[in-house]
Amino acid sequence: MIQKTLGYFGPGLVVRGKLTGEGDLTIDGRFEGGLELTGDVHIGEHSVVNAPVRAGALTVSGDVKGDVVAAGAVAVRDGGRIVGDVRAQRVSIDDGGALHGGVEMDFELPDGLEGLLTP
Amino acid sequence: MNRPSVLPDGMKLVGDVEGEGDLAVLGTIEGDVRIDGALVVEASGVLKGHAHARSLIVRGVLVGDGSAVDTVRVEPGARMVGDARAPRVSIIDGALFRGRVEMSGDAPPRVVRSTPRRRSTAGEIAAPSSAGALTSPGSLAGVTSPGAHTTLPGFAPAAPIEPPPPAVVVVAAPVRRGPPNPSLPALRRTEARRTEH
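So the protein sequences, as listed, match chains A and B.
This note's numbering puts the first residue of the first sequence at 1, with every later residue one more than the last.
This note's numbering puts the first residue of the second sequence at 1001, with every later residue one more than the last.
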């Protein structure tokens, strides 16, 4: 497997626009616009992300304002905050993390209870 | 703490980047980058937009102006189309570059540009003021150049920048206007001949 260089936006960096592609990315600065990556995205402690996020997986220790869609897991760490709807295979919110919005995980209920999901 | 920012290969940003710290571009950016640190467009990197940084190194592709507080370095393998502006600009052998190079900021290049013009007018000062009065007094008098001509020889270093430019315009304009005028009637004649046949 080809090792990809890790993407990193430092604390002083302000990025505005639409970011697309593959590979992992850590944001410690400020991002506005749109994020669409196939790899893992880490939103660092003091970072502010003002954008809809689509990623393979997402870890949030900073501030995210925007809807989140992840193929894998979304984890809101202590001090992290998401304002927006989250749709992912797995979503976890650590003690001290915050999420304001809807959560949607794809799973099935035991037999007989499926009917309660969608009328 | 001073970990440089990286836009890796395989990522594309359509938008702008600004702020503090260093940045290495291995992917693609369509937009402007303005940072106070070092900016490196690596061999796989593509930057389509203007770049401004403390220092700028281009190893990949830069389509847009690149300016730096310290240095601009266009390295072998780089392809750059745009102006390079910095106190020190170096284009290393093997780099491909198309654009202007301006060194040591904004003010000095203007002085450099104006000195040859000043010399050219100084040489031609005698011609327009005397011969110009003979050939076309009306056109020359309207451009206020006679005043400049009289002051310049006496105070060449004291009154440097303001007077010469209009004098250049006066000298250059008739020469440029000269050729097209005779050529147009010639065209009309040939057209007229064609229509006659």
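In short, the hints are calculated from the structure, not lab data.
Note that CB positions come from ideal geometry on N, CA and C, so glycine has one too.
One should not assume that every hint holds.
To be verified - Just some of the chain B residues that point at chain A, by a computed CB distance under 8 Å: (1) E1020; (2) G1094; (3) A1095.
To be verified - Each computed SDA-like pair below joins lysine to any residue, with the alpha-carbon atoms no more than 25 Å apart: (4) B:K1048 to A:T26; (5) A:K18 to A:K65; (6) B:K1048 to A:N50; (7) B:K1048 to B:D1065; (8) A:K65 to B:A1038; (9) B:K1048 to A:G17; (10) B:K1012 to A:E32; (11) A:K18 to B:G1064; (12) A:K18 to B:M1103; (13) A:K18 to B:G1077; (14) B:K1012 to A:G12; (15) A:K65 to B:G1015; (16) A:K65 to A:P110; (17) A:K65 to B:K1012; (18) B:K1012 to A:G79; (19) B:K1048 to A:A73; (20) B:K1012 to A:L6; (21) B:K1012 to A:G44; (22) B:K1048 to A:G12; (23) A:K65 to B:E1042; (24) A:K18 to B:G1037; (25) B:K1012 to A:G97; (26) B:K1048 to A:L6; (27) B:K1048 to A:E22; (28) B:K1012 to A:D40; (29) A:K18 to B:D1032; (30) B:K1012 to A:G34; (31) B:K1048 to A:K65; (32) B:K1012 to A:A98; (33) A:K18 to B:R1088; (34) B:K1012 to A:T59; (35) B:K1012 to A:N50; (36) B:K1048 to A:A75; (37) B:K1012 to A:A73; (38) B:K1012 to A:R54.
Tested hints:
Taking 8 Å as the C-beta contact cut-off toward chain A, the hint placing E1020 (chain B) at the interface holds, the least distance being around 3 Å. Checking G1094 (chain B) against chain A by beta carbon gives a least distance of about 24 Å; that is not within 8 Å, so the hint is violated. Because the smallest distance between the Cβ of A1095 (chain B) and any Cβ of chain A comes to about 23 Å, over 8 Å, the interface hint for this residue is violated. Restraint check for K1048 (chain B) and T26 (chain A): the C-alpha separation of about 23 Å stays at or below 25 Å, so the hint holds.
Annotation: proposed proximity of K18 (chain A) to K65 (chain A) holds, straight-line Cα distance about 15 Å (limit 25 Å). For the suggested pair K1048 (chain B) and N50 (chain A), the alpha carbons sit about 24 Å apart, so the restraint of at most 25 Å is met. Between K1048 (chain B) and D1065 (chain B) the CA atoms are separated by roughly 9 Å; this keeps the pair inside 25 Å, and the hint holds. Of the pairs offered as hints, the one joining K65 (chain A) and A1038 (chain B) is violated, with about 30 Å between alpha carbons and a cut-off of 25 Å exceeded.
A hinted pair counts as satisfied when its Cα atoms are at most 25 Å apart, and K1048 (chain B) with G17 (chain A) qualifies at roughly 14 Å. For the suggested pair K1012 (chain B) and E32 (chain A), the alpha carbons sit about 15 Å apart, so the restraint of at most 25 Å is met. For the given pair, K18 (chain A) sits about 20 Å from G1064 (chain B) by alpha-carbon distance, which is consistent with the 25 Å threshold. The hinted pair formed by K18 (chain A) and M1103 (chain B) fails the criterion: a straight-line CA distance of about 34 Å is larger than 25 Å.
For the given pair, K18 (chain A) sits about 28 Å from G1077 (chain B) by alpha-carbon distance, which is inconsistent with the 25 Å threshold. Taking the CA atoms of K1012 (chain B) and G12 (chain A), the gap is near 20 Å; set against the 25 Å cutoff, the hint holds. With a C-alpha separation of about 19 Å, the suggested pair K65 (chain A) and G1015 (chain B) falls inside the 25 Å cut-off, and the hint holds. The suggested pairing of K65 (chain A) with P110 (chain A) is violated, with an alpha-carbon distance near 34 Å, which exceeds 25 Å.
Proposed proximity of K65 (chain A) and K1012 (chain B) is supported: the alpha carbons are some 21 Å apart, at most 25 Å. Pair hint K1012 (chain B) plus G79 (chain A) does not hold up; C-alpha atoms about 29 Å apart against a cutoff of 25 Å. Restraint check for K1048 (chain B) and A73 (chain A): not satisfied, since their Cα atoms lie roughly 34 Å apart, outside the 25 Å limit. Restraint check for K1012 (chain B) and L6 (chain A): satisfied, since their Cα atoms lie roughly 14 Å apart, inside the 25 Å limit.
Our distance criterion of 25 Å between C-alpha atoms is met by K1012 (chain B) and G44 (chain A), whose separation comes to about 21 Å. Taking the CA atoms of K1048 (chain B) and G12 (chain A), the gap is about 22 Å. The hint holds against a cut of 25 Å. A threshold of 25 Å between alpha carbons decides the hint, and for K65 (chain A) with E1042 (chain B) the separation of about 32 Å lies outside it, so the pair is violated. For the hint pairing K18 (chain A) with G1037 (chain B), the CA-to-CA distance comes to about 23 Å; that is within 25 Å, so the pair holds.
Of the supplied pair hints, the one linking K1012 (chain B) and G97 (chain A) is violated, its CA atoms being roughly 30 Å apart against a limit of 25 Å. Between K1048 (chain B) and L6 (chain A) the CA atoms are separated by roughly 22 Å; this keeps the pair inside 25 Å, and the hint holds. Proposed proximity of K1048 (chain B) and E22 (chain A) is supported: the alpha carbons are some 20 Å apart, at most 25 Å. At most 25 Å may separate the alpha-carbon atoms for a hinted pair to count; K1012 (chain B) and D40 (chain A) meet this at roughly 16 Å.
Only pairs whose Cα atoms come within 25 Å are accepted, and K18 (chain A) paired with D1032 (chain B) is accepted, the gap being roughly 13 Å. Restraint check: the Cα-Cα separation between K1012 (chain B) and G34 (chain A) comes to about 11 Å, which is no more than 25 Å; the hinted pair holds. Distance restraint check for K1048 (chain B) and K65 (chain A): the Cα-Cα separation of roughly 28 Å exceeds the 25 Å cut-off, and the hinted pair is therefore not satisfied. As the CA atoms of K1012 (chain B) and A98 (chain A) are separated by approximately 30 Å, the hinted pair breaks the 25 Å bound.
Between K18 (chain A) and R1088 (chain B) the alpha-carbon distance is near 33 Å, which puts this suggested pair outside the 25 Å criterion. Of the pairs offered as hints, the one joining K1012 (chain B) and T59 (chain A) holds, with about 21 Å between alpha carbons and a cut-off of 25 Å not exceeded. Pair hint K1012 (chain B) plus N50 (chain A) holds up; C-alpha atoms about 18 Å apart against a cutoff of 25 Å. Proximity of K1048 (chain B) to A75 (chain A) is assessed by CA-CA distance (about 35 Å); at most 25 Å being required, the pair is judged violated.
This hinted pair checks out: K1012 (chain B) and A73 (chain A) have alpha carbons roughly 23 Å apart, not beyond 25 Å. Annotation: proposed proximity of K1012 (chain B) to R54 (chain A) holds, straight-line Cα distance about 14 Å (limit 25 Å).
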